[in-house]
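Participant: Chain by chain, the residues:
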Amino acid sequence: MKGKTKKTLLLISMVLPGAIWFFLLRYIPMAGMILAFKDYKVYVRDPSFWNNMAHSKWVGFKNFKFLFASTDTGRIIRNTLGYNIVWIILGLVLSVGVAIILNEITRKRVAKAYQTLMFFPYFLSWVVASYFVLAFLDPTRGLITSWQAKNGMDVINWYHEPKYWPVILTICNVWKNTGYSAILYLAAITGIDTTQYEAAAIDGATKWQQIKHVTLPNLRPMICILLIMNVGKIFNADFGLFYSVPLNSGSLFPATQVIDTYVYRTLTATSNIGMSTAAGMMQQLVGFICIIIANKVVSRIDADSSLF
Amino acid sequence: MKKYRPVNAVSRPVEALFHMIMLFFCLCCVIPFVFVIIISFTSQQSIREIGYSFLPKEWSLEAYRYTFKMGQQLWRSYFNSFFITVVGTLLTLAVTIMYSYALFRKDFKFRKFFTFFCFFTMIFGGGLAPTYVVCKTVLGLSNSYAAVIVPMLLNPFNLIVMRTFFQSSVPMELIEAAAIDGSGEYSTLLRIVVPISKPGIATVGLLTALAYWNEWFIPKLYVGSDPKHIPLQYLLMETQEKIDFLVKNSSMIGAEASSIAKSLPQDSLRMALVVLIVVPIAFAYPFFQRYIIAGLTVGSVKG
Chain H
1 MKGKTKKTLL
11 LISMVLPGAI
21 WFFLLRYIPM
31 AGMILAFKDY
41 KVYVRDPSFW
51 NNMAHSKWVG
61 FKNFKFLFAS
71 TDTGRIIRNT
81 LGYNIVWIIL
91 GLVLSVGVAI
101 ILNEITRKRV
111 AKAYQTLMFF
121 PYFLSWVVAS
131 YFVLAFLDPT
141 RGLITSWQAK
151 NGMDVINWYH
161 EPKYWPVILT
171 ICNVWKNTGY
181 SAILYLAAIT
191 GIDTTQYEAA
201 AIDGATKWQQ
211 IKHVTLPNLR
221 PMICILLIMN
231 VGKIFNADFG
241 LFYSVPLNSG
251 SLFPATQVID
261 TYVYRTLTAT
271 SNIGMSTAAG
281 MMQQLVGFIC
291 IIIANKVVSR
301 IDADSSLF
Chain X
1 MKKYRPVNAV
11 SRPVEALFHM
21 IMLFFCLCCV
31 IPFVFVIIIS
41 FTSQQSIREI
51 GYSFLPKEWS
61 LEAYRYTFKM
71 GQQLWRSYFN
81 SFFITVVGTL
91 LTLAVTIMYS
101 YALFRKDFKF
111 RKFFTFFCFF
121 TMIFGGGLAP
131 TYVVCKTVLG
141 LSNSYAAVIV
151 PMLLNPFNLI
161 VMRTFFQSSV
171 PMELIEAAAI
181 DGSGEYSTLL
191 RIVVPISKPG
201 IATVGLLTAL
211 AYWNEWFIPK
221 LYVGSDPKHI
231 PLQYLLMETQ
241 EKIDFLVKNS
251 SMIGAEASSI
261 AKSLPQDSLR
271 MALVVLIVVP
281 IAFAYPFFQR
291 YIIAGLTVGS
301 VKG
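For the record, the sequence lines run as chains H and X.
Quick note on numbering: the first sequence equals residues 1 to 308 in the numbering used here.
Quick note on numbering: the second sequence equals residues 1 to 303 in the numbering used here.
Chain X extracted, bound-state conformation (with noise of 0.2 Å):
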């Protein structure tokens, strides 16, 4: 059978040369995570004679044993990870819908000024110091979950996008409508502004949900000291360094947790931390792929 070709393609030759081109960059984009994932499944002795390698000696499941018996720092923050990110998206989600529907409002009177007040924190900011100084001493963010939520709740870019979606999606008239039937505001937003935008709020409510998963720098600076609520990206952050880390922190007496970290299998066991933490990602992408393409299309519109 003979597949339809578009009369305006590019010639065979030339298309063959541009499957060459991607086949080689998406290797590229994937090959360094396969890697990882086969270095934690090698043993300690294999890397130790050859090195990590594609092709290891021996495989071994040690790394994600020791992961089970020492594990409880790493499942607090496992945990926690998960957490910040639920807890984190819902609130944003929450104070960015309702931020951005009152700017998509053109009958609200000071439409203007809060699109500035928002729109301004993205060219011009106090930078990293004062912000820090802010939150610790004003605002007293550390050494909690809050401490790690609260600084990134809202995201202007987020806000502009969400407000461009319910711009291209909500009629006006539909709002209007609803005021005269005698709907309040609040319950307009909720009953028919929420459900018609579902596809911008999946969109924003994924890529907030990624940033929280993925935070390791706000962790650091505000509660790097308190091993109770680090998310995981901070603590692999953390092991780059010092891999007995790990044990440091988890309940076991001095004696026992020593001779543990003198038999980890660091480098596998490193690497196996990582496997832990993209596969929840891995996991969700397909998802995430298709609404976050279909809602930055949406975002690019000029707001």
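Extracted from the complex, chain H is given alone in its bound form (with noise of 0.2 Å):
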């Protein structure tokens, strides 16, 4: 009895330090939400956070309402909706592609230096990346930029023209993760038992009949996984690539302003840290429903391989 509870204790001392920083930094900052509901002001006499919190005027939902008046907020939910489920789509096909391709590649070693070049991205930084696309699209010294004006072509100003940034950062974000995520579908497609190739191939299927009737539902638990991680993240976006990349610049919000980038910028710009959090905590409620619809719709349709 005397040595279970020992146990008890020691484990618990293990995920001490741990609860503790989740306790911190993720369950204190859940219950900072509160803040959304208020007119957030520094109490001068004794700025600590509970003092700030206490002194600050209840507004009900006037954060909410703001937001929802605002012309902006329509455009950059579309925008940050429009660029997940494009990218989602067009992840999975590309990915799940390349997988297939370096699968069917008969030289292992060839295949091998495929996937160790196209990995190199995904350990990059976007600011890093900003600085690749700003050598080709610089406006003055850019390779596209000085070769449009050697021929003689209208030079475009890349970095004010939003019109050309749904496919400058489509490309980026395709650039930088379909890599990663081809190795995960590799690694799931070399893991099915080749028997069920060997048993279709005599059956007299075609290569194309292989990769529908045996690869792709091999894939499927690993599919729904993603995606139902990628469908909890939609109101997310990668806050490096729409800011970095576009190199902070104003005139191209219409194009990269997403929910991420509107927080950050209410919070550092204009300090309204009651607007930041109403817009961050409708991001993390709609994003926490998504997750859970996602989830039920996967375990509806195959048991196995919902996320919980």
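Honestly, I wouldn't trust all of these hints.
What the hints assert, rightly or not - Lysine-lysine pairs mimicking PhoX-like chemistry, simulated, CA-CA at most 20 Å apart: (1) Lys106(X) - Lys6(H); (2) Lys4(H) - Lys112(X); (3) Lys109(X) - Lys7(H); (4) Lys4(H) - Lys109(X).
Derived by calculation from the structure, the hints in this document are not laboratory data.
Make one complex out of these two single chains by using the hints.
Facilitator: Written out as structure tokens, the structure reads:
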């Protein structure tokens, strides 16, 4: 009996540092969401968090009303959802496609080399990537702009023309993430029992039929898990991509402003903590609902593939 | 000699097409970096005349010479990046291993609770603004190394990966046997579990190190005003807007600094910074890759 208590205490001592971290940096901020209903003011006499909170006025849903009254909001939500939906589908198709291609290459050394090269961008930050983009699109020195100038074409001022950015951002996203998810899928494909393919081949299945009837069904659990996780993040955007790759250029906001960058800019530029919290809260709530629904749907279709 | 070809392989023309697609994609992945390296070795004169080019008119080491000449801030940040990465990764690993080990122990009384405590943060959170306010005012995180490391100390995803790794590689009987032999909980973890789980620990460690090395947002939020603690990535971010940031924060005095700022090979210098950031990653890359691929395939098992 005494041994059992001691064991429990020791194990608790192991989770304690982590649990304290989760409490301080994840759970207190959740409680901090009430800032969305307050007009956050620093209490000058003794500016501790609790004092600031206690002395800030309740404003009810005012912050949310502002949020929805703003004409930007619709555009921001459209951008966030639009990019995510296109990228989830595109990412899925491309990375499964690349994984299947890699698996079909008969020289395994060469396939390994491809794998190594295409995984590389995943290891770089968006700040670094933003310089890569700049090398091509810089308004005076960029490769593409100087090529346009040399050939007497109209030089496009890339960093002031929002209409090109949906394409540019999509290319960046594909460039950085396809290699990574292709490798995940490839690992799952190589794990498929080869006798399934042999049986299919003996029955006269073409390569295409084998992919359709053997490879894809085997990948289903993995596709489902990654889909749930992506759908759960459908209201979240990759901050670095949307902030640093367009060089924080204001004239590109119509195409590059997403919820995450909006929350950040509201927080830092106007220090409007209430508004920023309100926007973040909408994002969290919708994301939470999305992940629950996605998980429900998947578990309805295929119970083993759900996340929880 | 005829190469062995599996019976069930795609036809040769199709495979040739596959090679072409893959070659194109791989080139796209690497060429921007090669291009940036070339620009960093291009003379300012050549950039002014023909812009950035794969075939510059004139090569030059100017940019790198400048990084040595006036790079106090640069080397300080380089050191910061290494320091934050090493210390941060060690701390993260220690906390992550302990937490996930307890979650792995089926006989831990509060296992369910602490699993949920961690998992819930994956699907719900306070958002940026409250987290920022709490970190700044409650925890007093600003302008220190702690302000960069603490906010990214734990990642619930890595915790779950680690636990899954324990589940798949450490047999429960081993732990029971150790307990019967009188081994304490901590010494079982250190002497038995950690050595068996080295590949998993390496994976999580490398992913964590990469995250610390590449982070620029958290330094921007919490140490933005203090050049002493900013890492390389944030420095690079700042030089996007103002290249003279480098000079301003070195110890040089007004006139000297401004004269240097004027003669700065701005464009190639920026690209040289990019190269300096990526080089350590490129060197560690072959090593990283192997472990990360090995680990991701384990971690993707449902928890």
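Participant: Hint by hint, note whether the structure agrees.
Facilitator: Evaluated hints:
For the proposed pair Lys106(X) and Lys6(H), the alpha carbon gap of about 16 Å is at most 20 Å, so the pair holds. Annotation: proposed proximity of Lys4(H) to Lys112(X) holds, straight-line Cα distance about 17 Å (limit 20 Å). At roughly 9 Å between alpha-carbon atoms, Lys109(X) and Lys7(H) fall within 20 Å of each other, so this suggested pair holds. The hinted pair formed by Lys4(H) and Lys109(X) meets the criterion: a straight-line CA distance of about 10 Å does not exceed 20 Å.
Of the hints listed earlier, there is not a single one the structure fails to meet.
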